[in-house]
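**Q** One-letter residues, chain by chain:
Protein chains: 2
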Amino acid sequence: MVELYWLQGAVPETTKPSPEMPPWKETAVVGKRVPRVDGYDRVSGSAVYPRDILLPDMLHAAILRCPHAHAKVKKIDVSAAEKMPGVRAILTAQSPGADIPWFPRRDKPSTSIFDQHLRCEGDEVAAVAADTLLQAQDALKAIKVQYEELPFVLSVEEALKEGAPVLHEGGNRVAPPAVYERGDLKKGLSEADAVVERTYTTACEIHVPMEVHGSVAKWDGNRLTVWDSTQGVFAVHETVAEALKIPMANVRVIGHYMGGGFGSKLECGKYTIIAALLAKVTARPVKLFLTREETFTMTGNRPPNKMSVRLGAKKDGTLTAIEFLSTGTGGAYPASATTSFMATDLYLCPNVKSSDENVFTNAGRARPFRAPGFPQCAWALEQAMDELAARLGMDPVELRLKNIPKTSQRRGNQPYTSTGLADCLREGAKAFGWNEARARKKPDGPVKKGFGVAASLWGYAGGPPSTVIVKLFSDGSVNLNMGAADIGTGTKTFMSMIVSEELGVPLEKIQIEHADTGTTQYTAPSGGSKTVPSDGPAARAAAWEVKKKLLALAAEEMKLPVEELMLSGAEIVSTKDSTKKLAVKAVKGLERQQVLVGVGTRGPNPEGKIVTPFAVHFAEVEVDERTGEVRVTRLVAAQDSGRPMNRLTYDCQVFGGLVMGIGLARTEERVLDRQTGKMVNANWHDYKIPTALDVPVDQKVVAVDPGDTECNATGAKGIGEPATIATAAAIANAVADAVGVRVVDSPITPIRMSQLFRERQKKG
Amino acid sequence: MVELYWLQGAVPETTKPSPEMPPWKETAVVGKRVPRVDGYDRVSGSAVYPRDILLPDMLHAAILRCPHAHAKVKKIDVSAAEKMPGVRAILTAQSPGADIPWFPRRDKPSTSIFDQHLRCEGDEVAAVAADTLLQAQDALKAIKVQYEELPFVLSVEEALKEGAPVLHEGGNRVAPPAVYERGDLKKGLSEADAVVERTYTTACEIHVPMEVHGSVAKWDGNRLTVWDSTQGVFAVHETVAEALKIPMANVRVIGHYMGGGFGSKLECGKYTIIAALLAKVTARPVKLFLTREETFTMTGNRPPNKMSVRLGAKKDGTLTAIEFLSTGTGGAYPASATTSFMATDLYLCPNVKSSDENVFTNAGRARPFRAPGFPQCAWALEQAMDELAARLGMDPVELRLKNIPKTSQRRGNQPYTSTGLADCLREGAKAFGWNEARARKKPDGPVKKGFGVAASLWGYAGGPPSTVIVKLFSDGSVNLNMGAADIGTGTKTFMSMIVSEELGVPLEKIQIEHADTGTTQYTAPSGGSKTVPSDGPAARAAAWEVKKKLLALAAEEMKLPVEELMLSGAEIVSTKDSTKKLAVKAVKGLERQQVLVGVGTRGPNPEGKIVTPFAVHFAEVEVDERTGEVRVTRLVAAQDSGRPMNRLTYDCQVFGGLVMGIGLARTEERVLDRQTGKMVNANWHDYKIPTALDVPVDQKVVAVDPGDTECNATGAKGIGEPATIATAAAIANAVADAVGVRVVDSPITPIRMSQLFRERQKKG
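Each protein sequence line maps, in turn, to chains A and B. Under the numbering used here, the first residue of the first sequence is numbered -13, with each subsequent residue one higher. Under the numbering used here, the first residue of the second sequence is numbered -13, with each subsequent residue one higher.
No wet-lab data here; the hints were simulated from the structure. These figures come from a predicted structure and were not determined experimentally. Take these hints with a grain of salt, some might be off.
Copies of the same chain look alike in the list, so a pair counts if it works inside one copy or between any two.
[Said to hold, decoys possible] Taking lysine-lysine and the BS3-like style, the derived pairs with C-alpha atoms no more than 25 Å apart in a straight line are: (1) Lys574 <-> Lys231; (2) Lys595 <-> Lys69; (3) Lys571 <-> Lys231; (4) Lys574 <-> Lys94; (5) Lys172 <-> Lys749; (6) Lys435 <-> Lys147; (7) Lys392 <-> Lys69; (8) Lys173 <-> Lys392; (9) Lys266 <-> Lys574; (10) Lys147 <-> Lys664; (11) Lys94 <-> Lys416.
Construct the complete structure from the given sequences, taking the supplied hints into account.
**A** Pasting the structure below:
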């Protein structure tokens, strides 16, 4: 139910394929455990995040938001607010120039920045810029708005009822259901020796990144600079230019540090446009950051899903049929994705049918959220697989191993460049002690231990366009210029490592300029696990070009054929006679030219093949049958994301993914009040993300590297999303293993467990 | 007597020649009169110059300078200063880490930042960083220094006397005289029908740019950012890294706006290093800008020259001999150049001898100053030519036309790619009304009118390395990334025009990032008239590459051969069928790739040929025989700098050059007190640069474009220096024409004129 446009940039760059670079064999830097190059700045506080920016004369802005789930603005009176101390500007739909279509680039039906039809709690009504933030917030309270409250719908079922309140022209269906079929489902089901069928739901989750969303906007004449807490400066760039109807050359978006996004900062926010408009009318810089509460309602979510799954298999475990029907709501505004994707592609199966349907409801809009659609799918599919294994009397790992495809059935049966799915199952099981765990004698007492497994794939693995520039200075140190944001994942570090690998320059001698549309080269936003596989090869290509130039200069000087030379540390050495060498600094051609520039682009993905990361997660839980409390006591993540670039940040990414999976499984849920349609837990106290006490100490990452030499020049396939897709399902399966009840609705709260225990007792 | 190292970067880039670009025929933008793209920012005050930078927690610094012409530091006591309010750090030679060799890259003999041997007034003794600038300046006064005063020398003659005070080990000669000879001077003189011989001197001039010199330095951990008012961020970059012994990757130098330099900001100043050291010990940003007075003594000058010239010619004007012997002093520290260059290359002559000698004196160091050495040379050579013409009874224009070479005799007789010298003489004479003026009946009365001419060439015309990057955004607007500073000459504007010419994008849709070692590509410092001919072709090559990529994408889409397509405005059009067209914005490949990147480098200069700009200046003066006052009433500058890029900034450059020439001719002179060795007019009141009242309203620029298709891809040869070389000589010749006295010593002050009138009277 979310938008995947940012993944669809993965098209071949026609003009400049990446140079021929052989796969790395042994590596000196890549793959090692390397602390972040910007760690000092981040922990010392010297890193300037957009939220930290202070400009001379800067104003502070705040947004007045709709307090109703569904309403229309009848009248706004800003006269009292205008007279409040410090107030410099108030924007409403009536302000000149404020009638800006939204979302200008992609959304149909289109709305506007201050749409008078307010479709969910939090929709923008007005904005104030004042000398201080408190003055701006005070002024909001003085704006008198007359609303016409409208009836609202919160669920798919309500939204599709006859006579239901309609959110957009054309009705509440975002689009007709997206149906996918291959083979003959009926036939498959009839051939099956065992069929399982069940409906699952997942709750709506909120991204809650550490840094709230917001921008600082500053005009110089007709040129606008925006500092934004964003995953993709170029995405913001394009939208700002289009919304304000100015050339992209007149907009500069600077990202630099940013405090997390998880998908909620992939695109430009209305707040950015509002900050720019306020800065324009006041002729002063304007800072507009959302409050924590606003980020809960208005910066996106992982939308709730309802998924009906039917699986059929032969006695030996061979799958004969998969049906996966998903209905969901991306909230009040368009958002689309296929939750079903993984269900149709993870396992070998000839007869498959899936459907994805999305309807509007009066709630905050979905946005891409770490592996959009996939954890939901895993929650349903992998629980169903578990149930199927039980039905067949098979080990769940064995059942999965039985059905491993070598091709992407959903994508024309094209072969994978590599698939480590089987190895993830085997090596993960070994690292977890799966067989021992399954064979255990169950402990007595009210606290039951259980073990679960779930597999996954991630459907995207980067691609062009991405351009990186590497400059070698005459003293042998390096500048790395890249468009990518470092969204907390260590992008600066691994990109430096790739350059270091090619050029032998230590990390501390690499200067980085990044995430600035005015100074760096285009790349798609950092999301979808694409940064490593998209930008990494471009960085390698750029460093490679620099090396080629350097060796050519050295060859001239050493009077040796260039083929004979290699770069080793800070020296150029003859491969035939290692006494023949020349320090990089001493290359006169470098001194003459001062700087060697290498431009690297991401070449196309291999033709006719599919690049896909896989992962299998194993969970151990303890369930207290007296209280219904579930503790996750142990997790093992076996990941095939190709070659790890930095084993430290790789592991950290996985740990983060596991924690997020615990959140989906156990604690996180947006609660909408049925009476008012408003979110009742829009704060960090009532919306529960896992804390340290919810996370097991015993987490292990098994990096399964299938030695993929085809996926791209780094051998890496991306780790961000595959780190979180299977976790919740593995936990749910462990719970079922522990206490024999299957939790179909996330999250697995003590209340829900208690209900299930009661039901079990009734049946019992 | 000045350093030309920054011109010596002109070496071929071996790895990437510029693409094949045909010379422009008709141009739509290039060559037009275009106001500056940053004019609004500059005049509105929104442009942030380094002097304007304010950072949170920033300290202000000031330098304690030697009050003597020659001394040694015996003892420094900072104990009282340390206790002054607001003082955060004091640096002396004794401070840890302050013992930094200077000038680290190029100077021999080497000294150090706080050298204890102080060789001229203003040498650095100590520095203070305090909360406010006034506190820092107050603290300077509290530092007690015990100096050992030493005897000093101010002139070449004194410096070379036996037993003279010695400034550096190895004596006061910077190097043995640089002698150049071709043919046989004696023979040439003996063949001559007329010989003129005379000795000329020029006074020492100060650069006096609008913005004083200075830097802001800020450390983040071990990474240093410097904002500097500089002509070349990359030159500063290299020196800072070397002085502080840190990798270049750990230093970022940002230039952006800067308020003039004229050569005095080509290299890194000690103040930059001092600011960095103070920032390091205080862990706070430090701003260190010199006072106006400091810039007079310590940021360089056009050094004084003494030039003895002998010219021999046949009756028909054919030159047979040129002798040009120059002695001068670059002050207390090394600096070298050949003042004689132009004398040996401007006119066809088989028998030539020149010599350049440079000695140390206890005065501020020379630095490159707009056309280093050349205006001095013209002052002597072109006055001698004038005298020779008179001796031969020839028109001075005719004499010059008689001796025009097609080759550079000084440089192996290689042919010029173009020479407009004859056209400059002819077209300039026509525009000036030279023949009419010469034929005039002299006016009676005490105010005499006179007319003078002087020719010139500039010995350098740019070259590699220079790299420029152009990005085309998906909406057809453009980003231009270049290392060059805009030193007030309109670099941003003409570079944008070149891009606009190639891509058909209007100037207001071009975003510029420049002069930042962290974000832009290498180029040599902006000086030596090299920016247009070095960086212009790189910009064209970058835009050309973007165009090629764009046309290739369009060809694919339009299903037409790429050769058939051209870019016209914002459309791609078929040259065979103009109804077949596609808007740039509509090119789907561009939408797919989001940004097209073109990297352009400056290819090598044409092999076996010499690129040289020429200029001829014509002056009209009025000399009041009662007061000795000289007024310049009219100037015409005929310039062959190849194709003008922007006719408006081209003209403005020439006007600036003419004004500077008036300064050399009439008003400017550093005055050193013979008793103390100290400069007595180190301020804008006593050091006279021309004001509006000194500049004629009637100034005209004749752009002689020889249609040079070989010099580089733009056809431009550089205008900065050729705009000022001949002016002073033309004025002196006009004075001689007006009143029959030849002023051999610059400047032509009323006092000097009065003396000459007295001498003329005596001779009667």
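**Q** Each hint should be assessed against the structure and marked as holding or not.
**A** Hints and how they fare:
Taking the shortest alpha-carbon separations for Lys574 and Lys231, only the inter-copy value of 20 Å comes in at or below 25 Å, while the best intra-copy value is 49 Å. Taking CA atoms no more than 25 Å apart as the test, Lys595 paired with Lys69 passes in neither setting, with 64 Å inside one copy and 73 Å between copies. When the C-alpha separation of Lys571 and Lys231 is checked against a cutoff of 25 Å, the pair qualifies only between copies, where the shortest distance is 14 Å, while the shortest distance within a copy is 48 Å. Taking the closest pair of Cα atoms, Lys574 and Lys94 come within 25 Å of each other only across two copies (21 Å); inside a single copy the shortest separation is 59 Å, beyond that limit.
Taking the shortest alpha-carbon separations for Lys172 and Lys749, neither the intra-copy value of 31 Å nor the inter-copy value of 125 Å comes in at or below 25 Å. For the homomeric pair Lys435 and Lys147, neither the shortest alpha-carbon distance inside one copy (44 Å) nor that between copies (100 Å) is at most 25 Å. For the identical chains of this complex, Lys392 and Lys69 are neighbours neither inside a copy (69 Å) nor across copies (77 Å), given an alpha-carbon limit of 25 Å. In this homomeric assembly, Lys173 and Lys392 come within 25 Å of each other (Cα to Cα) only inside a single copy, at 23 Å, whereas the closest approach across copies is 92 Å.
For a Cα distance limit of 25 Å, the shortest separation of Lys266 from Lys574 qualifies neither inside one copy, at 51 Å, nor across copies, at 32 Å. For a Cα distance limit of 25 Å, the shortest separation of Lys147 from Lys664 inside one copy, 21 Å, qualifies, whereas the shortest one across copies, 95 Å, does not. Taking CA atoms no more than 25 Å apart as the test, Lys94 paired with Lys416 passes in neither setting, with 50 Å inside one copy and 69 Å between copies.
Checked against the numbered hints given earlier, this structure breaks hints 2, 5, 6, 7, 9 and 11; the rest are met.
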